[in-house]
Amino acid sequence: MKVTVVVSDEPPLDPELRSGPGFAALVEDGRHRVLFDTGPDPDLLLHNLKGLGYEPEDLTAVVISHNHWDHTGGLQAAESEVARIVTPERIGVKNELVREEWLGIGDMVLTDVLEGPPPERALYANGLLITGCAHPGIHEFVEWCVRRGLEVHTVLGGFHLMGATEIEVEKVADRLEELGVKIAGPCHCSGEVAKRMFRRRFEFLNVGPGLEVRV
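First residue of the sequence shown: 1, per the UniProt record's numbering; consecutive thereafter.
Quick caveat, the hints were computed from the structure, so don't treat them as lab data.
Treat each hint with caution, since some may be false.
Unchecked claim - Quick list of in silico lysine-lysine cross-link-like pairs, DSS-like style, CA-CA up to 30 Å:
| no. | residue 1 | residue 2 |
| --- | --- | --- |
| 1 | Lys2 | Lys50 |
| 2 | Lys50 | Lys94 |
| 3 | Lys171 | Lys50 |
| 4 | Lys182 | Lys171 |
| 5 | Lys171 | Lys94 |
In this text, all values refer to a predicted model and were calculated from it rather than measured experimentally.
Required output: the full structure, derived from the provided sequences and hints.
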């Protein structure tokens, strides 16, 4: 299974791609392609998808983590081409499945919608957990997986730790280590304190557009 970062605030790993506020990642299992979040606007999403060799019609489904503009703003580029758009709360788009519990695509698992606010969910694939912003807490999503017998060795995405103190971030890092996390890729709303500490504590991923992770 392959995960490719399509949109993030971090510098792109491919000079043909562009950075932007928000997050989007493409998850592929050889037969299906699921886009997790869509970034802030359709132009950026389309530019980076095409730069990575994809078109919106290549997508099997879109999963929205939560209803914030920097995660839903690119939907316009994909909604007419995708038969299933899974959302944690109604956002008024075509083919919307609100709080769908089962993605039914390969080994990908949607977490329950956890309350933030806002309501938010994450996507699990073969030991890797992808989060949009993790408003409920990155450790809460990992705990959800572990309680269901799903091992999490890698976390990637927004961790909602911007503005957190070093002590607060350290507590989160401690808990993730206890839960078995080995690799971390914080971006977007994670904050510089968290990035520095996670770089020290875990095997670290630079989550710029173009990053590929195979699991």
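These are the hints, each one checked on the structure:
no. : hint              : verdict
1   : Lys2 <-> Lys50    : holds (17 Å)
2   : Lys50 <-> Lys94   : holds (23 Å)
3   : Lys171 <-> Lys50  : violated (40 Å)
4   : Lys182 <-> Lys171 : holds (16 Å)
5   : Lys171 <-> Lys94  : violated (41 Å)
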